[in-house]
Amino acid sequence: MATPARRQADALAELFRILGEPTRLRILMELEEGERNVSELCKILRTPQPTVSHHLGILRMGGLVVNRRDGKEIYYSVANLARDRSGRALAGLLRRSACLRLGSFVLGVARE
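Offset between the sequence shown (1-based) and the working numbering: plus 66.
Hints were generated in silico from the structure; no laboratory data involved. Owing to the predicted nature of the structure, the values given are computational and were not obtained by experimental measurement. There could be a bad hint or two in this list.
What the hints assert, rightly or not - Quick list of the computed label-pair ranges, beta carbon to beta carbon:
hint	residue 1	residue 2	range
1	P70	G137	40 to 50 Å
2	A79	S163	15 to 25 Å
3	S163	K109	13 to 23 Å
Every residue, glycine too, gets a C-beta built ideally from N, C-alpha and C.
The whole structure should be built from the sequences, with the hints applied where relevant.
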């Protein structure tokens, strides 16, 4: 029988396995900024639809993204990660990363 610490370590290892792929991280970073459908993600990431769909499936199975249907479109967003400590840490990391990207963009524009 696994101890609580072992279960938490296993859950974190699975989270890091999922996040260990750059395309999945890029998808999460985009979704942190707002809900997107697959076509929008493909355009933003410049990645083929089958690749984006594959990674969205892994993120969904890992509980990191959720989806909703609106007519023929399926929209994805970051799951409510506040349910556990590792999720809160991930959510904070994504927010900081988004702020850093925005800050770099603003500084880059100001220098031009």
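| said: Check the structure against each numbered hint from earlier and tell me which ones fail, lowest number first. | reply: Of the numbered hints, all hold.
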